[in-house]
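Trainee: Based on these hints, arrange chains B, C and D on the given structure of chain A.
Next come the chains, spelled out residue by residue.
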Amino acid sequence: MSPGLLYALAGMLLFVMGLAGFALLRHLLRRLMAFNLVGSGTFLVLVGLAQRPDGEPDPVAQALVLTGIVVAIAATALALVLMRRWFDLTGRTRLDGEADE
Amino acid sequence: MTLNLLVAGLLFTPLAWAVVSLLIGFRAGRWLAGAGMVLQAGVTLGLVWTLTGQGGFEYALGDWQPPLGIGLRVDGMALTLVLLTTLVASACGLHAAGYLEADRPGQRYFWPLFWFLWAGINGVWLAGDIFNIYVGLELVTLAAVGLVALSGEPPALRAALRYLFAALAGSLAFLLGVALLYGAYGTLSLRLLAEAVQADGTGSAALALMFAGLAVKTALFPVHAWLPPAHGIAHAPVSALLSALVVKASAWVAIRLWLDLGPVLGSSGGAFLMGLLGTAAIVWGSWMAWCQTGLKKLVAYSSVGQVGYLFLLFPLTFAVSDRVAELATQGVMLHLISHALAKAALFMAAGNLIWAVGDGRIVSLAGAGRHLPLSLFAFGLAAVSIMGLPPSGGFTAKWLLLQAAWQAGQWGWALAVLVGGLLAALYVFKVFAACYVDKASGDDFHYPPRRLDLMPLGLAVMALGLGLVAGLPLHWMGIGGAP
Amino acid sequence: MNGLMLAAVLLPLLSCGPAGRNARWPMALLVLAPVPALVLALLFRQGELALPGLLLGGVWMLDEIRGTFLVLTALLWLFAGVYAAGYMKSAGLRGFRVFWLLTLTGNLGLILAADIAGFYTFFALMTFSAYGLIVHARTRAAYRAGRIYLIMAVVGEMLLLAGFLLAAREAGSLMLADLPSALAGAGHSALLIALLGLGFGVKAGLPLLHFWLPLAHPVAPTPASAVLSGAMIKAGLLGWLLVLPFGAAPEWSNAMILVGVVAALGAGVIGVCQHDPKTVLAYSSISQMGLMTLLVGAALADTAPALALIPVLALYALHHGLAKGALFLAVGLHWPRNRVRRALLWLPVALPGLALAGLPWSSGAAAKLAAKQALGQGPEAGLVSALPLLMSAGAVATMLLVARFVVCLARHRDNGSNPPGVVSGWAVMAGVSILLFWWLPWPEGIDPERAKLLLPDGAKIRSLSWPLLAGLGLAFLAVLAPVRVPAIPAGDAVVIPECLVRWVGRWSRPGSIRLPRWVRPDVRKMSEQGEDWIRAHNGVVFLALLVAALVLLLR
Amino acid sequence: MTTTVALPLGALLASLLASVVIFMLPERRHGARIAVNLSAAALKLALVCVMIWGVFQGRAYGLRFAVLPELDFVLRADALAMMFAGLSSLLWLLTTVYAVGYLEDSPNRSRFFGFFSLCVASTLGIALAGNLFTFFVFYEMLTLSTYPLVVHRGTPEALSAGRKYLAYTLTGGAVLLLGMVWLQSLAGDLTFQPQGHSQLLAHQDRGTLTAIFALLFAGLAVKAAVVPLHGWLPAAMVAPAPVSALLHAVAVVKAGAFGMVRVLYHVFGIEFSAALGLLGPVAGVAAFTIIYGSVRALVQTDLKRRLAFSTISQVAYIPLGLCLLGPVGTAGGLVHLLHQGLMKITLFFCAGNYAETIGVQRIDALDGAGRRMPATSMAFTVGAFGMMGTPPLAGFVTKWTLGTGALAADMPWVIAVLVASSLLNAVYFLPLVHRLWFRELPGAWPREHHHEGRLETSPWLLWPPLFTAASILVVGLLAAVPFSPLSWAELVAAREFAP
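Protein chains in written order, with numbering that gives the first Met the number 0: chain A, 0 to 100; chain B, 0 to 482; chain C, 0 to 554; chain D, 0 to 498.
By construction, these hints were calculated from the structure, which means they are not laboratory data.
Being a predicted model, the structure only gives us computed values, none of them experimental.
Don't take each hint at face value.
[Unchecked claim] Here are the computed lysine-lysine pairs in the DSSO-like style, where the Cα-Cα straight-line distance is at most 27 Å:
hint: 1; chain 1: B; residue 1: Lys429; chain 2: D; residue 2: Lys163
hint: 2; chain 1: C; residue 1: Lys524; chain 2: B; residue 2: Lys429
hint: 3; chain 1: C; residue 1: Lys88; chain 2: D; residue 2: Lys163
hint: 4; chain 1: C; residue 1: Lys459; chain 2: C; residue 2: Lys371
hint: 5; chain 1: C; residue 1: Lys371; chain 2: C; residue 2: Lys451
Just chain A, with the same shape it has in the complex (with noise of 0.2 Å):
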């Protein structure tokens, strides 16, 4: 087994962990960590499968995972933001309870 083959199923254990806890969890922060954990996974599959067989870098992937990240933090920054107004307006930590409207 390669080393590449090998960070890819550990991308892919934490890709299955993450939406496991996205399916399940509901504290809003949680899901976000989820969320992250569901990004690193897929980031690790990407660098892991695209080995060149020379074993050089495949730098397109390392770009590739270079602007997800980007934007990752970029919705992870969104969700923070909208997280932390309902929090101030509502209090709760939670989407669910009351129906919406």
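Mentor: Below, chains B, C and D alone, put in the same frame as chain A:
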């Protein structure tokens, strides 16, 4: 050189407008937006002109060649959608300029988010590789979430957060699919992938992940639950933008992936599942729309139902004759276009009606029919297309889909299309019936400004007339990409 | 000629024009309207007028048979009109006039029309307009009579429509004249003859189709009863004469004769149990029409008597129409207070009745003798051989009815003076029936026989008189030995279907039974709950979708 | 643009543009609205008359353009189209006049007349449609433009009637669409043409063709209110009288019936339909509808409801006539398209007059109305007798022609149906006539409006029914002259059976 300017104008000036309007606030942003729309329209027309003159082409942004650079695929389909975007986004923007109250605190973010959204959507239409599609989708999602949360009220925040979480889950599933594909075939370009893919597990798994992710973003039943609150709570022009374009962006990605990769990586089971979910979406979305008591919620659920039609493409293009596949693709694309026009009109008209009666409940519309506001007329014209009645674009789309289903011998989908039309009538006429209820007392009816009525009316007329001139967009879409 | 023909139909129609509601003067139109028809009938015996644009292509014509009927109709309507002008009270005058004139138009038109559509049109016009005359009094009895009349009439119209349609198809022509041969040779001639025979039979008052007659005559204003009974029911006979295949349907002959006998004698039996003089007269009409039916039956059997019988039937119709008209008009008279004048008045009142029974030297004697003479020309087979006897039996029945009429009239009469119109109308009518009859134009076939019929020899007088005397005797017996008259309601058997309808109506009224309300699940609420569940578990749903997609795509 | 294109397009646009203009006019501009309405109606009638003359002389009018590569939008004026177009234009004018009087001083007139014109535009489109697709376009447009008219009053019953109307007609439309799609996928875009496309269809599977026909027929039968798809029609009675008049006489039910003519004669071809064995079942269904509608009409106590069931029964004569293989039966069915329109619109006008002038809607409240409103009652009587098929009125001509056609087609049982139906017609119409003329008014009228002048009611309300009643008489009396409905129908029918 001209081409460079055109493409750059299309993709990057919106980003510039976004930044500038962040600095100057909502009021001044209107003027900027007006200028920007004119520019976008000019650029779009220029590109369409180029396309009809010389056919489709591939374009490397800034001359950076793929894989590191960003490659754009400029073909008939993409440009038709760009044209659609220009139309609908301009209409929504103009509507918003009059509809939104300038003094609300969150409003200053509207124009920046609007322009980001526009740029992202154009990026998705034109992207030639799957990673840039991902980036474009993310840009669209984040901007859309921001637009939903614009008012800053708790219900809007909740809807926005739900939307964000769902969209992120979808994005990441999509990204994992991208990773798997890149790992397996070493390329991101859709064109190259289409040539490279073989029927193996990785590719199929990647496709499954991507479709699942896109399904969430498109709000396909049963992962649609985020959409109605988000589209229902947002300001009317925002809802219009989201329902008309944002949802279509991810749907279109799914369509494109399926058309390019599906023949090799797809399976009849998968195609059937998508078709089934599409049908379920049609039924459930329309039904839930009828159950609603709020006008905008109703229109939002209608979107859930209407995107279901798009997913009928999957079974109707898998393992069928070329003729059927062509008919189905044309039908679905026409549906996408006419629904975008009609739904934007519907949301804006609904917004105007709410403005007029001062209340978002359907029962409050009682007596509105007497004042015969133009908004109601626009709502009606758009609804004709939503119901898929002639001579609207919705009807022609349905006609093509029915032809495809019939010629493929897959009668069940034809039935779904027909039943969907009837269910749509169910909720559309719920609104009209409410308007016709004769209210004895109190006539506080405020006519919205005429110019607010023009945008929905214009789009609705286009949706209605599209059926009679459907040959034109279909001809454009037939113009292929690079040889 | 053509102009006269048009005027004969159009003048009555145009006279319906508007006028004041209770104005008296337009009643003069009633007298004026039949005049062109009368002139036409007296002057001409041949003629044809084509009106190609009308309906499906119209043709009007005049011939021997039509001429005779036209004479009768025009005369009767004319003097009944004179009578009506004096008789009618001022209330509802306009309505009466309009319906009178419309009915008249129909009656005259149907005689002239030679195409099926035209004939049927005028027939329907007459039928439906007569309703207005029948319910003129606006009483419960009038409404009942009107209802039953209308039901019967509509049934008749429908039978006729079907019959005409089928017959026109068989004949390949829209002319009435082509129907008899078509009926004779048709594949389903039985059906055709049944449809047309029964359709006209409603007008002619065949047994079980006769219900409307005894109900409608008493309630209608007296002049209307006169034309109803004298002229309108003859339209049924005329219909038979025009369409039935005489001499070519022997299988129908016996049936027709049987029906005629039942009508002639049965109506006599029921009629003598009545109390209203007009009802008695109505039954007498049924009885008389029965006798004519009898002759029609005989004519169906063989060609030779048929040729002779058709003019006789026309003559019979002429006689009966005039006599019955005079009798009806007499019912409305006020009797003089002076006993002597009263006694003298009985003579002209009763004479037309005796003529019906076949009093020698009367119009009735002429008709009966002519009939017997015509019957003698054919082979005597089946019931035809019994006809002279049956006719005599019919004469006995008629005599009884006349006696009953006299008795009832004597009981019902009231004393007073009459408006001039009433007196003159009745008097001229009676005069025409008794005297002028001999100078009227008769059908060509028996025209030369006038003298022989007026002055019959002894044997014939005997054969005419014995039924008369027998009837008189029976009547005296009945008066001397006061038997209780059985209570047979007017309209006899109609009460059975009426009861049936009432009974069904009572039971079929929309019931108050309601199905219990099913407890309906609140689908809408359940949908909302489902939607909430999906929203709350969006992660799980997403995972499920992902797994499903993976499984299906990976096969 | 040549007259060939300009005339049909102009006729279509006359009412379409009128509708747009009326929508734009403010509610209070009554005079302007009436002017627009009447001038558009008159213009349209004139254009249609010109076309009728042209078609009679053998000229062809129409236009065609491609919507999709294999789908054309076709307008074409043939003799059959002109029949329906003529009826629709004439009755539009009359109904507009009537509606102006009927809706005097009522709210929402702008909306009403706008949709009214739209509805008529659709009717003309249906008449002129040159293929199934074009037909369907206007067919659905008709559904949509009629709905606002049905629910015009905005009462709960009106709304529920509207719901019912939509449920039926939209479903019918969907079924029709299914049939069209199937047919198209089998044989391509079929332009309507005399004697149909039998050569093209002849090698197709018979079962498939039968199924397609069943779908098309069912879709059309909903609008034509063929039992058991008739439920919407009695409910739609809550609409204002001019709407009911239009709905029953020319617009909706006739659209369905007209579609049947097109499908049977100009798509399948009547002789081919007969060969497929389609005519028997259709005739059977129509016959059942005739009887059923009449029986149901008997027990109604509301005047308009009785008329509605009568329509169900009467309209079925048209498909019945179409199924009598032969020119005579066809002419009978076609001529009834016009005759029924005239008769039924008269009856509804009169029913509206009673409701509007003396406030009477129930049958048992009609006693003595003939004295109060003699002219209206006269018109009603003529209409009722026409319906019963009394000569010399229009209904008689229909029944006679149908009966003759039935015998020519060797279907004598049709006679029994005709007779039974006439009988039932008599049973439910004669009591009405009786009440009008021969009963006395027991008390005061429920809601009496007095109108100025000598007439019994507003002249706007009075002249249209009098005109139609007169025409019932005239088309019956003069059935044999050229240009009468019967002659025109015979002309159309003759072309279908040319060797």
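Trainee: Hint by hint, say whether it matches the structure.
Mentor: Status of each hint after checking the structure:
A distance of roughly 12 Å separates the Cα atoms of Lys429(B) and Lys163(D); the hinted pair therefore holds under the 27 Å criterion. For the hint pairing Lys524(C) with Lys429(B), the CA-to-CA distance comes to about 17 Å; that is within 27 Å, so the pair holds. With a C-alpha separation of about 55 Å, the suggested pairing of Lys88(C) with Lys163(D) is violated against the 27 Å cut-off. A distance of roughly 10 Å separates the Cα atoms of Lys459(C) and Lys371(C); the hinted pair therefore holds under the 27 Å criterion.
For the hint linking Lys371(C) to Lys451(C), the alpha-carbon distance of about 13 Å falls within 27 Å, and the restraint holds.
Hint 3 from the earlier list is the only one contradicted by this structure; the remaining hints agree with it.
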